[in-house]
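Engineer: Chains as they are written, first to last, in our numbering: chain Y, 1 to 883; chain X, 1 to 111.
Be careful, since some hints might not be right.
[What the hints assert, rightly or not] Pairwise CB distance ranges (calculated):
no.	chain 1	residue 1	chain 2	residue 2	range
1	X	L106	Y	A104	51 to 61 Å
2	Y	G358	X	K56	57 to 67 Å
3	Y	Y87	X	R36	31 to 41 Å
4	X	A45	Y	A417	56 to 66 Å
5	Y	S91	X	A45	22 to 32 Å
[As the list claims (entries may be wrong)] Covered by chain Y, per the in silico footprint, the following chain X stretches (three or more residues, Cβ under 8 Å):
no.	region
6	22-35
7	42-50
8	73-79
[Stated by the list, open to error] A few chain X residues that face chain Y, going by a derived Cβ cut-off under 10 Å, partial list only:
no.	residue
9	W61
10	G66
11	E69
12	R70
13	H104
It is worth saying that the hints were derived from the structure and are not from the lab.
No residue lacks a Cβ here, since even glycine has one placed at the ideal position from N, Cα and C.
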Amino acid sequence: MTGVPPPVVDRLLRRALRDGTRGDSIRGDLVEEFRERCTRDGGWRARWWYLRQAFSIWVRAGRLAGDAPGRRRRHMTLESIVHDVKYTLRSYAKTPSFTLAVLATLALGIGASTAIFSMVNAILLRPLPLEHPDRLIYVSDASARTGGFMSAAWPNYLDWRARARSVEMLAASREEPQTLTGRERPRRVRARRITGNFFRVVGVRPALGRDFSDDDDRPGAACVTALSDPFWRTELGADPAVVGQVLQLSDLPCTIVAVMPRGFEYLRPYDIFISMGPVSGSANLVNRGNHNGFNSTGRLAAGVTVDAAARELREISAALEREHPATNTDVTAKTERLSDRFLVNVRLTLLALFGAVGFLLLIACVNVANLLVARGAARQHELAVRSALGGGRGRLVGQLLIESTVISAIGGALGVALAAWLLRVLVAAAPDGTPRLASVSLDVAALEFALAAAAICGLVFGAFPAFQAAGVRGQQALIRGRAAGFTAGSHRLRRGLMIVETALAIVLLAGAGLMIRTLQQLTAVETGFNPDRLLTTQLEMNGPRWTMEKQHEFTRELVSRVRALPGVASAALTFALPIDGSQWNSVFVVAENSAPPRSALRSAAFTPVSEGYFETIGMRLVRGRTFDVRDSGSAQKIVVVNEAFARQMWPGADPIGRRLKQGWPEDKTEWREVVGVVGDVKFNGLREETPIQVYLPLTKDETSRHLAIVARTPGDPSSLTSAIAAVVHDLDKDLPLFLTRTMDQMLDTSMAQQRLSMIVFIVFAVLAVTLAAIGLYGVVAHAVTERTHEIGVRMALGAGRRDVLALVVSQGLSMAVVGTVIGVAGALALSRVVQGLLFGVTATDPMTFAAVVGTLLTVALVACTVPAYRAVRVDPSAALRAE
Amino acid sequence: MPDTYLGEFEHLLLLTVLRLGPDGFAVDIARELESRAGRRVSRGALYTSLDRLEDKGLLKWKTAPGGPERDGLPRRLYAVTPSGVAALREWRDLLQRMWRGIGHLLKEPSA
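Start from the sequences, fold in the hints, and give me the full structure.
Structural biologist: Here it is, written out as structure tokens:
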């Protein structure tokens with residue numbers, strides 16, 4: 001039988017030996033002998049033999065390849081490295097607990113930091129996936145008085161676009177979700193309405209079909225739409241003939257003219273983009289006083305800075321203010337870099353997490369250094385012997401560096417595996433609406449980061465023991481044996497490292513403590529309503545078929561049918577839900593006061609609700625009455641205001657019976673009478689102050705296209721989901737429900753960012769404290785072993801157990817105390833950075849810091865006491881005899 | 001002291017090559033070393049030592065075409081050079097000089 005040697009091994013061998021008689025003859029010899037062995041010993045044993053021999057040749061390949069003598073030295077070095085690596089692996093295998101401790105530390109440090117780095121890189125650092133993203137700006141109207149953003153009025157946008165010279169192109173767009181019907185089931189699609197130049201501004205061309213053009217912006221132009229790549233694939237089966245087909249969007253036909261390229265995303269995922277034509281001539285848009293949710297995206301002209309563009313746009317807005325004082329008083333333009341605007345909510349959280357992970361990585365490195373130094377001290381004798389036998393200092397230092405490099409390479413590999421898992425957890429835990437979450441992955445940059453982290457751990461911290469070794473004098477060390485010098489030096493080094501580690505742990509603990517307090521405060525916030533067992537879902541009646549009459553009919557029917565469902569205790573409709581935030585802010589006029597100048601007019605959150613709303617969500621009635629069934633049919637104009645409104649507009653007076661009107665003083669809106677005052681509810685998330693609010697009744701003349709259903713049940717609210725969906729489907733088969741959530745889920749979502757920060761900080765802090773405790777234990781235990789003799793002498797001379805205990809513990813604890821002081825100082829110095837993440841607690845909160853210091857010192861005390869008890873058990877006579 | 005230093009393994013190798021005669025190649029050398037000297041050696045170490053002896057000018061080789069049993073790859077047939085033979089002779093003489101007169105000290109104990 002002629003066997004074939006393992007082809008992979010053969011190929012490696014061939015590459016190592018190269019061609020030529022030498023290489024060929026060596027391979028021939030191996031093949032010949034392999035075949036002999038196959039027949040004699042069987043295939044497996046022959047293969048195993050072949051593998052071993054091939055390896056023995058491979059490591060010496062440099063010498064055998066032979067022809068160029070200059071190569072020899074380098075390969076000799078390679079050979080010695082291979083030897084060192086083998087030696088390293090063997091020596092690590094001999095001390096499994098040390099090896100495990102180092103590997104676990106490295107894997108945790110590198111894994112956690114790589115995962116967080118991946119998120120920071122994908123979301124913050126990597127440029128937006130658009131053409132020259134550094135030249136893209138975001139422009140919007142803003143209040144000149146407060147600086148607060150408002151959306152851009154359409155005519156203002158048109159004027160910016162016509163007049164601005166510093167901007168090459170200026171597009172406008174707004175989020176405008178649509179109802180897609182005419183397919184098997186109605187569906188709400190994420191849509192953005194855009195001007196014809198939008199794609200050119202952001203620098204993307206359709207993959208299929210044509211780009212939008214300025215013609216598509218003309219009032220009355222037919223609706224056209226561009227599909228995103230994922231929508232085209234999932235909803236339309238990637239049909240290549242899709243261009244020219246018509247989608248039914250909110251009851252209007254809209255022709256598909258383009259499919260966007262894969263991977264294109266503007267700020268967040270959208271299903272479709274739709275053109276301006278159908279709305280650009282509407283009275284609502286043409287009115288300069290209306291800010292209808294648009295904002296503007298521009299591309300800077302070549303060589304123009306963001307600041308210069310911002311200045312020019314402010315000047316244009318100032319001109320507009322002079323030209324249109326009725327609508328533009330107090331309105332200026334606010335310009336930012338697009339990437340800044342879009343990351344404003346996540347930047348702080350991510351940077352804080354990145355900082356935390358940096359600390360964790362540092363702790364891991366310090367811990368590894370500590371372990372390696374301890375090991376180096378223990379190996380002093382071995383190194384001395386090697387040096388006495390002629391091991392050059394360079395070779396010894398090289399060996400130590402290889403040891404730390406090998407272990408950090410393995411730790412790094414484990415860390416990458418851990419990072420892949422952590423990243424999945426983090427992405428799942430990330431708050432809804434975190435931008436660019438889809439692009440977060442363990443990519444090349446992340447691997448490079450992990451590699452760099454591992455290399456730094458290996459080189460910088462492996463260098464400590466290496467430098468120590470460099471100081472070894474062979475004979476000296478042999479003669480002095482285990483005596484002081486070297487050991488004392490390493491002990492000082494370890495104490496120093498422990499102090500650093502404790503200080504870093506304190507910083508992370510403080511972060512965790514502050515985040516826990518923040519979440520406690522958020523959970524304890526008085527919401528003003530009862531979120532228990534409340535289901536919410538939303539719908540939108542878009543399109544011409546939804547006349548006012550039909551909307552009124554539908555909503556009345558909907559409420560009564562939902563209330564009749566088994567398991568529904570009460571139900572109502574509202575235009576905007578608490579926590580979720582306002583959908584309609586408007587200025588208003590209070591009758592009794594003479595109309596103030598325009599710039600002094602206040603604005604309130606206007607919220608139409610059905611009768612029974614306040615009762616359903618459990619709001620408090622402070623005065624007067626709420627809406628009832630009579631109001632929906634009556635022509636009498638009434639409102640209910642919240643306490644904040646009453647307090648601020650009519651301080652100290654009875655608001656019942658007063659009148660107010662939505663809109664500008666000259667608007668023809670009707671005066672309404674206040675019939676009730678209700679308690680404040682948290683409206684824009686849990687952190688924001690409650691705005692002044694006006695609730696209007698839903699009537700047959702005043703309906704709302706966008707509504708949320710709220711239903712309270714005695715049981716599990718999510719069990720109502722399908723029943724409510726069935727009612728809606730029965731009333732209108734083309735109306736999709738969306739954002740169906742329990743109120744508890746809404747509250748959870750609103751705290752998601754803080755929760756994520758808290759979880760990460762807690763995990764890191766626990767790791768940090770554990771590592772510090774282990775380190776402290778190690779240093780103290782080591783000191784006890786070293787000082788057995790001294791302790792024996794002390795005890796023989798009459799020192800009591802308590803004295804010895806106090807001596808050992810106090811020396812250990814002194815490191816923790818010094819570390820704590822430094823750590824607290826560091827945490828206070830960093831407090832400004834984290835303040836923005838906190839709620840209801842200052843970054844220098846004394847209670848939190850006291851708890852943090854207490855926790856750490858308690859852990860440190862335990863870590864020192866355990867080895868100290870071992871010291872107490874020293875038998876003085878045995879200790880004295882030992883030397 | 002002989003002019004050329006020979007390590008113990010080099011010494012064994014030269015003797016093996018000498019013993020195998022003109023057709024000896026690495027496989028034979030390894031087999032002979034194992035059966036006669038009880039010496040198992042990795043092929044890597046074997047080839048390195050053979051090369052070192054070649055560098056010292058004590059060994060030389062010529063190629064012979066290989067048959068199908070080795071996929072047609074060439075063989076290197078080793079021979080000891082005259083300086084190799086001289087070195088072996090010097091070492092043998094040295095050892096013999098050292099042994100003279102002390103042979104009886106190592107006599108096996110008679111039963």
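Engineer: Compare the structure with the hints numbered earlier in the document and write down the numbers of the violated ones, lowest to highest.
Structural biologist: 4, 13
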